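So the sequences go chain by chain: D, Y and W.
The UniProt record's numbering numbers the first residue of the first sequence as 1 and each following residue consecutively.
The UniProt record's numbering numbers the first residue of the second sequence as 1 and each following residue consecutively.
The UniProt record's numbering numbers the first residue of the third sequence as 1 and each following residue consecutively.
Treat the hints as calculated values from the structure; they're not laboratory data.
Being a predicted model, the structure only gives us computed values, none of them experimental.
Cβ atoms here follow ideal geometry from the backbone N, Cα and C, with glycine treated the same way.
Possibly wrong hints are sitting among the right ones.
[Claimed, not checked] Dumping the calculated EDC-like pairs for lysine to aspartate or glutamate here, alpha-carbon to alpha-carbon at most 16 angstroms:
{"no.": "1", "chain 1": "D", "residue 1": "LYS159", "chain 2": "D", "residue 2": "ASP80"}
{"no.": "2", "chain 1": "Y", "residue 1": "LYS152", "chain 2": "Y", "residue 2": "GLU232"}
{"no.": "3", "chain 1": "D", "residue 1": "LYS159", "chain 2": "D", "residue 2": "ASP224"}
{"no.": "4", "chain 1": "Y", "residue 1": "LYS175", "chain 2": "Y", "residue 2": "ASP126"}
{"no.": "5", "chain 1": "D", "residue 1": "LYS159", "chain 2": "Y", "residue 2": "ASP150"}
{"no.": "6", "chain 1": "Y", "residue 1": "LYS85", "chain 2": "W", "residue 2": "ASP108"}
{"no.": "7", "chain 1": "Y", "residue 1": "LYS87", "chain 2": "W", "residue 2": "GLU64"}
{"no.": "8", "chain 1": "Y", "residue 1": "LYS152", "chain 2": "D", "residue 2": "ASP79"}
{"no.": "9", "chain 1": "Y", "residue 1": "LYS85", "chain 2": "W", "residue 2": "GLU64"}
{"no.": "10", "chain 1": "Y", "residue 1": "LYS116", "chain 2": "Y", "residue 2": "ASP126"}
{"no.": "11", "chain 1": "Y", "residue 1": "LYS152", "chain 2": "Y", "residue 2": "GLU227"}
{"no.": "12", "chain 1": "Y", "residue 1": "LYS87", "chain 2": "Y", "residue 2": "GLU232"}
{"no.": "13", "chain 1": "Y", "residue 1": "LYS87", "chain 2": "Y", "residue 2": "GLU153"}
{"no.": "14", "chain 1": "D", "residue 1": "LYS159", "chain 2": "Y", "residue 2": "GLU147"}
{"no.": "15", "chain 1": "Y", "residue 1": "LYS85", "chain 2": "Y", "residue 2": "GLU147"}
{"no.": "16", "chain 1": "D", "residue 1": "LYS159", "chain 2": "D", "residue 2": "ASP79"}
[To be verified] A few chain W residues that face chain D, going by a derived Cβ cut-off under 7 angstroms, partial list only:
{"no.": "17", "residue": "HIS79"}
{"no.": "18", "residue": "LEU85"}
{"no.": "19", "residue": "LEU96"}
{"no.": "20", "residue": "LEU127"}
[What the hints assert, rightly or not] Covered by chain D, per the in silico footprint, the following chain Y stretches (three or more residues, Cβ under 8 angstroms):
{"no.": "21", "stretch": "31-41"}
{"no.": "22", "stretch": "208-214"}
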Amino acid sequence: MNATTFFMLIVRRQLLLAVRRPIEIANPLLFFLMVIVLFPLGLGPAPAQLATFAPGIFWIVVLLANLLTADTLFRSDFDDGSLEQLLLSRQPLYLSALAAITAHWLLTGVLLALVSPVFALMLNLAPSAIPTLMGALLLGSAVLSLLGGVGAALTVGLKRGGMLISLLILPLYLPVLIFGHGAVVASVGGLPVAPYLAILGAMLCLAIALAPLAMALGLRISVDA
Amino acid sequence: MWSFFHKLGSPPWLYRISGSILRWLLPLTIVALFAGAVWGLLFTPPDFRQGNSYRIIYIHVPAAVVALAGYYVMAIAGAISLIWKMKMADVALRASAPIGAALTFIALVTGAIWGKPTWGTWWVWDARITSMLILLFLYLGIIALYEAYDNKEAAGKACAVLALVGTVNIPIIYKSVDWWYSLHQPASIKFTGESTIDPSMLYPLLFMITAFYALFTCCLLLNMRAELLSRERRTGWIARLVAESR
Amino acid sequence: MTAATRPVLLEARDLGLARGGRQLFESLTLTCNSGDWIHLQGANGTGKTSLLRILAGLSRLGFEGEVSCMAELLYLGHHSAVKPLLTPRENLAMHLSGAIQRDAAAIDHALAAVDLYGYENRPCNSLSAGQQRRVNLARLYLSEAPLWLLDEPYTAIDVGGVQRLEARMAEHIADGGGIIMTSHQRVSQPGVSTVSLDEAASQHGAES
Numbered sequence: 001m002n003a004t005t006f007f008m009l010i011v012r013r014q015l016l017l018a019v020r021r022p023i024e025i026a027n028p029l030l031f032f033l034m035v036i037v038l039f040p041l042g043l044g045p046a047p048a049q050l051a052t053f054a055p056g057i058f059w060i061v062v063l064l065a066n067l068l069t070a071d072t073l074f075r076s077d078f079d080d081g082s083l084e085q086l087l088l089s090r091q092p093l094y095l096s097a098l099a100a101i102t103a104h105w106l107l108t109g110v111l112l113a114l115v116s117p118v119f120a121l122m123l124n125l126a127p128s129a130i131p132t133l134m135g136a137l138l139l140g141s142a143v144l145s146l147l148g149g150v151g152a153a154l155t156v157g158l159k160r161g162g163m164l165i166s167l168l169i170l171p172l173y174l175p176v177l178i179f180g181h182g183a184v185v186a187s188v189g190g191l192p193v194a195p196y197l198a199i200l201g202a203m204l205c206l207a208i209a210l211a212p213l214a215m216a217l218g219l220r221i222s223v224d225a
Numbered sequence: 001m002w003s004f005f006h007k008l009g010s011p012p013w014l015y016r017i018s019g020s021i022l023r024w025l026l027p028l029t030i031v032a033l034f035a036g037a038v039w040g041l042l043f044t045p046p047d048f049r050q051g052n053s054y055r056i057i058y059i060h061v062p063a064a065v066v067a068l069a070g071y072y073v074m075a076i077a078g079a080i081s082l083i084w085k086m087k088m089a090d091v092a093l094r095a096s097a098p099i100g101a102a103l104t105f106i107a108l109v110t111g112a113i114w115g116k117p118t119w120g121t122w123w124v125w126d127a128r129i130t131s132m133l134i135l136l137f138l139y140l141g142i143i144a145l146y147e148a149y150d151n152k153e154a155a156g157k158a159c160a161v162l163a164l165v166g167t168v169n170i171p172i173i174y175k176s177v178d179w180w181y182s183l184h185q186p187a188s189i190k191f192t193g194e195s196t197i198d199p200s201m202l203y204p205l206l207f208m209i210t211a212f213y214a215l216f217t218c219c220l221l222l223n224m225r226a227e228l229l230s231r232e233r234r235t236g237w238i239a240r241l242v243a244e245s246r
Numbered sequence: 001m002t003a004a005t006r007p008v009l010l011e012a013r014d015l016g017l018a019r020g021g022r023q024l025f026e027s028l029t030l031t032c033n034s035g036d037w038i039h040l041q042g043a044n045g046t047g048k049t050s051l052l053r054i055l056a057g058l059s060r061l062g063f064e065g066e067v068s069c070m071a072e073l074l075y076l077g078h079h080s081a082v083k084p085l086l087t088p089r090e091n092l093a094m095h096l097s098g099a100i101q102r103d104a105a106a107i108d109h110a111l112a113a114v115d116l117y118g119y120e121n122r123p124c125n126s127l128s129a130g131q132q133r134r135v136n137l138a139r140l141y142l143s144e145a146p147l148w149l150l151d152e153p154y155t156a157i158d159v160g161g162v163q164r165l166e167a168r169m170a171e172h173i174a175d176g177g178g179i180i181m182t183s184h185q186r187v188s189q190p191g192v193s194t195v196s197l198d199e200a201a202s203q204h205g206a207e208s
């Protein structure tokens with residue numbers, strides 16, 4: 001079996017597992033919605049004020065949603081022994097890790113990007129900024145999934161990895177927060193957004209090149225320990 | 001070259017050589033820190049805007065510089081541990097994390113103390129302080145990950161991976177945070193080009209930075225020796241060492 | 001065929017492992033040629049599973065010695081690697097291990113061989129523990145790997161199942177494969193060589 005077929009096999013497997021338990025797909029979205037609701041309640045419902053904070057609120061919630069789901073990335077495969085089998089498969093672990101991340105991104109980042117216009121209107125974000133928001137979310141959430149995967153790979157063997165993974169990964173998420181937020185703010189202000197998206201794209205290229213390597217090392221260590 | 005590497009991988013040799021280095025480096029460091037502090041605090045002119053309060057840079061800046069360098073030391077140790085599977089590199093990685101975290105913490109606290117007379121507030125979300133805070137989180141992440149693993153050999157490897165990931169990310173994080181906010185004075189010490197800081201203030205600062213590097217080295221060696229003793233406590237060379245010292 | 005002409009599948013030299021200050025085994029040397037069927041024996045806690053994981057290359061830290069594995073291997077561990085949400089068919093078609101046949105006919109044949117005919121399209125969480133184990137064992141009929149490392153393959157399998165399993169293993173040996181397995185049960189097949197870890201432990205026990 002060649003590497004591309006195996007890559008597609010893993011993506012299909014992860015998606016099928018998610019479809020069989022739809023609540024797993026809905027969870028990040030529900031979390032997203034509920035946290036968004038917290039902000040008007042906490043900050044006050046004044047539309048102008050919400051509109052100012054909307055880009056920041058969005059990105060923080062995306063960060064948290066990604067963080068929460070990252071922990072589950074390899075957990076069940078580790079528990080039931082599938083991960084051992086993957087390590088022994090002689091398929092490039094780099095591509096296998098990338099495949100798992102691709103599936104994770106489709107199920108969290110892409111879904112969040114697709115529903116984001118609704119939430120953007122709820123937070124009174126300027127409608128003209130919505131395409132930028134979606135584009136930045138698509139790029140940025142892919143970086144977040146890759147970084148989250150590194151944290152997940154390093155902590156999957158530990159009994160209480162959940163809290164630890166936030167300490168490990170949140171600092172690494174910050175550049176995405178800064179530039180993703182910057183893109184939306186620029187778009188609201190009518191400024192060019194291409195530089196922001198380009199930087200997010202550059203981060204994505206770097207993350208695709210390096211994060212799966214770290215994941216592969218992390219998974220070997222976790223299965224070993 | 002390779003025999004040197006091989007020796008470096010041997011705990012008794014490392015223990016012995018680090019002992020003889022510390023014998024002269026430790027007193028030298030203490031004298032240098034004391035001398036640098038006296039030079040900086042008593043024999044430099046006051047700043048025309050900040051008066052005497054700027055003198056905290058003789059602790060703040062060296063701590064910040066060495067804290068950042070410490071992360072790279074840790075990452076290099078991690079790379080050596082992953083590539084050449086050298087156990088002593090794990091020990092170095094483990095030993096440098098708390099020192100780096102402590103220096104980062106010192107830089108943050110002195111930054112806050114400096115901020116009070118300068119900006120009238122203890123905490124300002126400016127680029128450098130925020131970056132230092134993130135560096136502290138990165139250090140704490142390494143320490144927490146190490147402690148979470150029961151198998152210490154695996155812990156060392158996992159931390160090595162994390163330190164390398166952090167190393168790639170630090171420049172990106174710093175540049176992002178810089179871009180995000182720039183309220184601080186622009187970088188004023190440059191080794192190339194014109195310096196905006198007066199030489200009478202700069203020389204003691206460079207001296208203190210060197211002294212802090214020496215301090216880092218001393219702490220690293222001391223920590224590594226403690227870690228070596230605890231890891232190798234069941235081996236023969238430690239039993240002989242204990243017998244000799246009695 | 002003599003041992004000299006048979007290809008070496010796996011070679012382990014001077015293996016030693018200590019856990020929690022106790023030496024489990026020391027200077028253990030083991031070679032598995034094509035056609036070798038090795039049964040690792042030992043009481044609980046003598047390091048059978050650890051040894052198997054070292055041989056498989058899953059454990060790389062904390063042991064002494066060298067393992068060189070020349071062949072692709074099939075590893076059957078304590079965990080069944082069966083996804084409860086997938087059907088037996090899907091589990092095998094999307095199994096993460098390498099070197100297995102994945103075409104539908106082969107999978108159906110394998111499921112029939114482990115007596116799961118009629119269950120191939122039910123989700124595995126509706127199957128019993130023994131049936132789930134057998135989904136995993138169906139891989140033995142799909143595997144293209146020459147070397148099998150089996151950790152307690154008989155657990156939760158009924159008498160008839162064990163007989164069929166042994167027949168399949170004998171067939172694999174006859175085809176020039178190699179097997180290293182652990183089991184508390186006796187393996188009643190000709191040509192099985194035994195390596196005992198009890199001796200390795202008791203030797204050292206006298207010392208410490």
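We went through each hint and held it up to the structure:
1. Between the alpha carbons of D/LYS159 and D/ASP80 the distance comes to roughly 14 angstroms, so the proposed pair stays at or under 16 angstroms and holds.
2. With a C-alpha separation of about 12 angstroms, the suggested pair Y/LYS152 and Y/GLU232 falls inside the 16 angstroms cut-off, and the hint holds.
3. Among the hinted pairs, D/LYS159 with D/ASP224 is consistent with the structure: their alpha-carbon atoms are about 14 angstroms apart, no more than 16 angstroms.
4. Between Y/LYS175 and Y/ASP126 the CA atoms are separated by roughly 13 angstroms; this keeps the pair inside 16 angstroms, and the hint holds.
5. Distance hint between D/LYS159 and Y/ASP150 is fulfilled; the C-alpha atoms sit about 11 angstroms from each other, no more than 16 angstroms.
6. With a C-alpha separation of about 45 angstroms, the suggested pairing of Y/LYS85 with W/ASP108 is violated against the 16 angstroms cut-off.
7. Restraint check for Y/LYS87 and W/GLU64: the C-alpha separation of about 14 angstroms stays at or below 16 angstroms, so the hint holds.
8. Between Y/LYS152 and D/ASP79 the alpha-carbon distance is near 21 angstroms, which puts this suggested pair outside the 16 angstroms criterion.
9. Simply put, Y/LYS85 and W/GLU64 have alpha-carbon atoms about 13 angstroms apart, close enough for the 16 angstroms limit, and the pair holds.
10. Taken as a hint, the Y/LYS116 and Y/ASP126 pair is honoured in the structure, with Cα atoms around 14 angstroms apart against an allowance of 16 angstroms.
11. Between Y/LYS152 and Y/GLU227 the alpha-carbon distance is near 11 angstroms, which keeps this suggested pair within the 16 angstroms criterion.
12. Between Y/LYS87 and Y/GLU232 the alpha-carbon distance is near 11 angstroms, which keeps this suggested pair within the 16 angstroms criterion.
13. Of the pairs offered as hints, the one joining Y/LYS87 and Y/GLU153 holds, with about 8 angstroms between alpha carbons and a cut-off of 16 angstroms not exceeded.
14. At most 16 angstroms may separate the alpha-carbon atoms for a hinted pair to count; D/LYS159 and Y/GLU147 meet this at roughly 13 angstroms.
15. With a CA separation close to 20 angstroms, the supplied pair Y/LYS85 and Y/GLU147 exceeds the 16 angstroms bound.
16. Annotation: proposed proximity of D/LYS159 to D/ASP79 holds, straight-line Cα distance about 11 angstroms (limit 16 angstroms).
17. At its closest, the beta carbon of W/HIS79 sits 3 angstroms from a beta carbon of chain D; the interface hint therefore holds under the 7 angstroms criterion.
18. Satisfaction of the interface hint for W/LEU85 is found here, the shortest Cβ-Cβ separation to chain D being roughly 4 angstroms, below the 7 angstroms cut-off.
19. The beta carbon of W/LEU96 is positioned within 7 angstroms of a beta carbon in chain D (closest approach about 4 angstroms), and the interface hint is therefore held.
20. Violation of the interface hint for W/LEU127 is found here, the shortest Cβ-Cβ separation to chain D being roughly 14 angstroms, above the 7 angstroms cut-off.
21. Coverage of a stretch by a chain is defined here by at least three residues with a beta carbon nearer than 8 angstroms to that chain's beta carbons; for the stretch 31-41 of chain Y and chain D the count is 0, and the condition is violated.
22. With 0 residues having a Cβ less than 8 angstroms from any Cβ of chain D, the stretch 208-214 of chain Y misses the three-residue criterion, and the hint is violated.
The earlier numbered hints that this structure contradicts are 6, 8, 15, 20, 21 and 22.
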